[in-house]
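Listed here are the chains, written in short residue letters.
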Amino acid sequence: MEALIEWARGPFFWAALTFMVLGLLRHLAITLWDIFRVLRRAGDKNMPYKQIATNTVKWLFPIDKVGNRFVLSMTSVCFHIAVILVPIFLAGHIALWKRGTSLSWPALPNLASDILTIIAVISAVAIVIQRSMAKASRGLSRFQDYALPLIIAIPFATGFLVMHPQWNPFPFNVMFLLHVVSANVVLILVPLTKISHCVLLPLTQLVSEVAWHFPENAGSKVGVALGKEGEPI
Amino acid sequence: MSESEKKNYSYYVEQKTLDVTDRPRKFLQAFAAVLEHGSYGVALDTYTRVSAKCARCSSSCQLYEATEDVRDIPCQRSELLLKVYRRYFTRSGLMKARLFGGFTLTDEYLDTMAEEYYRCTACRRCKSTCPIGIDHGLVTHLARWLLAEIDVIPKALVVATREQLEGVGNTSAITVPGLKDTCEFLEEELEEEYGIAAKFPIDVEDAEYVFFPAVSDYLLEPDTLMGNAAVMHVTGASWTIGTGNFDGIDYGLFYSDRMMESIVNNVVDEVHRVRGKKVLVGECGHATRSAWYIPTFGGEKPPEVINCLQYAYQALKDGKIPLSNRKIEERVTYHDPCNIARAGRITEEPREILKMICTDFVEMTPNRAENYCCGGGGGTVSIDEIREFRTTLMGKRKADQIRATGAKYVVSPCANCKKQLKEVCEDNGLDEVDVVGLHDLLLKVIDFSDFQIDKDESSEEGETDTPAEMQEAAVNNPTETESGIDSE
Chain A
39 MEALIEWARG PFFWAALTFM VLGLLRHLAI TLWDIFRVLR RAGDKNMPYK QIATNTVKWL
99 FPIDKVGNRF VLSMTSVCFH IAVILVPIFL AGHIALWKRG TSLSWPALPN LASDILTIIA
159 VISAVAIVIQ RSMAKASRGL SRFQDYALPL IIAIPFATGF LVMHPQWNPF PFNVMFLLHV
219 VSANVVLILV PLTKISHCVL LPLTQLVSEV AWHFPENAGS KVGVALGKEG EPI
Chain B
154 MSESEKKNYS YYVEQKTLDV TDRPRKFLQA FAAVLEHGSY GVALDTYTRV SAKCARCSSS
214 CQLYEATEDV RDIPCQRSEL LLKVYRRYFT RSGLMKARLF GGFTLTDEYL DTMAEEYYRC
274 TACRRCKSTC PIGIDHGLVT HLARWLLAEI DVIPKALVVA TREQLEGVGN TSAITVPGLK
334 DTCEFLEEEL EEEYGIAAKF PIDVEDAEYV FFPAVSDYLL EPDTLMGNAA VMHVTGASWT
394 IGTGNFDGID YGLFYSDRMM ESIVNNVVDE VHRVRGKKVL VGECGHATRS AWYIPTFGGE
454 KPPEVINCLQ YAYQALKDGK IPLSNRKIEE RVTYHDPCNI ARAGRITEEP REILKMICTD
514 FVEMTPNRAE NYCCGGGGGT VSIDEIREFR TTLMGKRKAD QIRATGAKYV VSPCANCKKQ
574 LKEVCEDNGL DEVDVVGLHD LLLKVIDFSD FQIDKDESSE EGETDTPAEM QEAAVNNPTE
634 TESGIDSE
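Protein chains in written order, with the working numbering: chain A, 39 to 271; chain B, 154 to 641.
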């Protein structure tokens with residue numbers, strides 16, 4: 039068991055983290071390159087950058103957006119805050135980073151981390167329930183839409199039990215292994231699934247605008263490519 | 154109209170649509186060509202990666218509000234095309250298909266797309282509620298183009314475009330003599346009703362503005378055009394209408410970038426032909442949005458584009474349009490055409506004008522960039538056979554909005570919106586509401602006292618009306634009275 043834990047928190051973690059970072063960098067690089075390519079070819083290069091920036095900030099911090107479907111929105115906001123803050127600012131995680139890399143940064147108080155962890159787990163379950171209860175989202179949902187919040191909740195739930203052995207009914211090592219492995223799985227899933235919006239979201243408003251900026255002669259070039267130039271309508 | 158022409162879709166298509174074979178392959182071929190030469194790839198790539206399927210967009214779509222049918226959720230509709238993109242144009246999709254089989258593009262799937270993408274008006278309201286920032290209007294726009302390349306296009310749209318690009322030269326098939334007759338008639342009306350010698354200058358070279366209204370205005374909206382001419386007259390503007398092309402309508406925006414490019418280029422060519430400087434677009438939302446593509450398609454030194462609302466507002470602000478003491482006293486509300494308001498480009502100018510000329514202007518809620526579509530956007534207003542769909546399911550929300558304002562006049566500076574809103578009012582029991590253009594009202598309150606022509610000359614010229622013209626005037630303009638105008 040000890041060897042397994044060491045493997046999970048050692049090579050497996052580094053492999054998962056590297057996979058996530060490289061995967062997200064690949065997404066970013068591809069998207070940025072495509073944006074650059076579109077802008078270079080666009081017949082009209084004037085872009086409403088201010089409006090794009092405003093919309094981007096409004097959606098990164100959606101304070102004035104929660105009125106629409108309030109309960110679902112608030113659940114989602116709570117979930118996002120918790121899953122972003124806890125893994126990065128948990129004192130225990132920072133201590134591990136410091137031991138392994140000498141890097142360190144301010145930590146959340148443990149109580150705050152505990153509360154956020156509980157929020158992460160509860161809101162993940164709530165998201166799944168709300169998704170399955172509402173006709174529109176139920177109709178749209180794929181397997182991953184139900185599975186991902188629950189998979190993300192596992193390292194939070196297990197991490198909480200690891201941090202609070204008095205409430206943990208299972209052997210510590212098993213819970214610890216489960217925590218590390220599930221966290222590693224989440225890291226791997228980040229670039230492979232819709233969670234990749236964690237790096238792409240700042241670009242999506244820009245993407246949606248640049249896509250309307252066609253190259254000069256785009257239409258006629260498509261006509262030529264399809265052998266339709268001069269063809270009657 | 155034979156039933157066979159309608160059997161696959163809720164709209165009529167041409168026989169050749171039903172004769173196309175090997176459609177999935179041709180669709181994918183077109184898709185590949187568009188990805189190579191267009192700008193859509195970056196959006197599809199991003200959307201397929203991050204689409205969260207949260208369904209928040211459902212709460213902003215007036216169609217889903219009315220039907221509560223999952224297929225009408227914007228995200229669900231977009232997924233139809235994203236699924237094809239993912240399967241055939243991404244490495245992971247190709248690999249999955251090789252390993253596990255799965256989705257294959259079929260004729261039936263294309264028919265589903267053909268139906269669904271014309272149940273969307275591409276109003277883009279849902280973009281403002283998508284946390285991810287997906288522009289479902291963009292996906293609809295692209296999907297319609299791809300469908301058009303396998304000849305799936307509503308007959309109403311393709312026939313009009315054919316007339317514009319290969320026929321008479323405009324979507325309403327108005328001949329040049331017909332245009333001149335109409336302009337003369339409108340000039341006479343302006344002289345008779347308002348005592349001014351406003352002209353519709355034809356083929357004047359070196360004019361500052363070349364005028365491109367929705368050409369249907371020449372048939373259906375004489376008051377709007379007279380308002381346009383009156384504004385240009387009192388401001389002393391140098392403007393003209395080119396007989397080579399006088400149609401701002403561009404149905405290419407609704408179904409094919411190939412067509413849109415050709416139509417936009419024809420506008421630019423006409424401006425160059427008469428050596429004009431700027432494109433002045435009439436009261437038409439999609440004509441304005443298409444004209445905003447002039448810098449894209451219009452080559453080097455493309456002409457500047459200005460909408461007539463922007464022109465009128467600037468002229469009013471500069472004191473170039475004298476207003477009488479009479480104002481419109483009936484309650485007036487304003488419908489924002491999606492094509493000029495969704496991106497926030499023209500929202501304040503019309504409101505400022507209305508506040509100057511009306512005593513009781515009220516807003517619809519929501520409005521501006523958050524407005525609801527009239528229900529006939531994306532060219533669907535031209536498809537008469539789906540009127541019931543447009544005015545009940547699509548138009549219900551708009552009818553409720555209009556009713557809530559209690560307005561007598563609904564102002565909408567868009568030919569398509571006006572047609573749709575008139576039908577919405579007819580089909581939803583709003584018989585007392587008049588749908589008008591903004592220049593229709595502006596015309597009624599301009600102070601023409603400094604522009605009056607010599608009375609003798611006026612009465613002499615006024616007698617040139619033929620009985621047929623008088624009858625046409627009555628038909629075209631049944632409400633042409635002083636009703637709606639009161640003295641302060």
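Just so you know, these hints were derived from the structure itself, not from any lab.
Be a bit skeptical, because a hint or two may be false.
[What the hints assert, rightly or not] Derived pair list, reagent style PhoX-like, types lysine-lysine, alpha-carbon separation capped at 25 angstroms:
#1 B/Lys454 x A/Lys266
#2 B/Lys549 x B/Lys575
#3 B/Lys470 x A/Lys259
#4 B/Lys480 x B/Lys454
#5 B/Lys470 x B/Lys480
#6 A/Lys173 x A/Lys103
#7 B/Lys308 x B/Lys169
#8 B/Lys308 x A/Lys83
#9 A/Lys173 x B/Lys206
#10 B/Lys473 x A/Lys259
#11 B/Lys333 x A/Lys173
#12 A/Lys259 x B/Lys169
#13 B/Lys333 x B/Lys206
#14 B/Lys430 x A/Lys83
[Stated by the list, open to error] Chain A is nowhere near these chain B residues, computed Cβ spacing over 10 angstroms in every case:
#15 Val173
#16 Ser212
#17 Leu291
#18 Pro448
#19 Lys473
#20 Val598
All C-beta atoms, glycine included, are put in the ideal place defined by N, C-alpha and C.
Each hint tested on the structure:
1. Restraint check for B/Lys454 and A/Lys266: not satisfied, since their Cα atoms lie roughly 28 angstroms apart, outside the 25 angstroms limit.
2. The hinted pair formed by B/Lys549 and B/Lys575 meets the criterion: a straight-line CA distance of about 13 angstroms does not exceed 25 angstroms.
3. With a C-alpha separation of about 44 angstroms, the suggested pairing of B/Lys470 with A/Lys259 is violated against the 25 angstroms cut-off.
4. The hinted pair formed by B/Lys480 and B/Lys454 fails the criterion: a straight-line CA distance of about 42 angstroms is larger than 25 angstroms.
5. Distance check on the hinted pair: B/Lys470 and B/Lys480 sit about 17 angstroms apart at the alpha-carbon level, within 25 angstroms; holds.
6. For a cut-off of 25 angstroms, the pair hint linking A/Lys173 to A/Lys103 stands: about 21 angstroms separates their Cα positions.
7. A hinted pair counts as satisfied when its Cα atoms are at most 25 angstroms apart, and B/Lys308 with B/Lys169 qualifies at roughly 10 angstroms.
8. Of the pairs offered as hints, the one joining B/Lys308 and A/Lys83 is violated, with about 34 angstroms between alpha carbons and a cut-off of 25 angstroms exceeded.
9. This hinted pair checks out: A/Lys173 and B/Lys206 have alpha carbons roughly 12 angstroms apart, not beyond 25 angstroms.
10. Straight-line distance between C-alpha atoms of B/Lys473 and A/Lys259 comes to about 45 angstroms, which puts the hinted pair past the 25 angstroms bound.
11. In summary, the hint linking B/Lys333 to A/Lys173 is not supported, as the alpha carbons are separated by about 57 angstroms, beyond the 25 angstroms threshold.
12. Annotation: proposed proximity of A/Lys259 to B/Lys169 holds, straight-line Cα distance about 24 angstroms (limit 25 angstroms).
13. Between the alpha carbons of B/Lys333 and B/Lys206 the distance comes to roughly 54 angstroms, so the proposed pair goes past 25 angstroms and is violated.
14. Of the pairs offered as hints, the one joining B/Lys430 and A/Lys83 holds, with about 21 angstroms between alpha carbons and a cut-off of 25 angstroms not exceeded.
15. In this structure B/Val173 is separated from chain A by more than 10 angstroms, as the shortest Cβ-Cβ distance comes to about 13 angstroms.
16. Distance to chain A contradicts B/Ser212 as a non-interface residue, since its nearest Cβ pair spans about 6 angstroms, not more than 10 angstroms.
17. Annotated as non-interface, B/Leu291 brings its C-beta within 10 angstroms of a C-beta of chain A; the closest such distance is 6 angstroms.
18. Separation of B/Pro448 from chain A is inadequate, the least Cβ-Cβ distance of about 4 angstroms not exceeding the 10 angstroms criterion.
19. Non-interface call for B/Lys473 relative to chain A: holds, since the shortest CB-CB distance, roughly 28 angstroms, exceeds 10 angstroms.
20. Every CB of chain A lies more than 10 angstroms from the CB of B/Val598, the least distance being 34 angstroms, so the non-interface label holds.
Checked against the numbered hints above, the structure violates hints 1, 3, 4, 8, 10, 11, 13, 16, 17 and 18; every other hint is satisfied.
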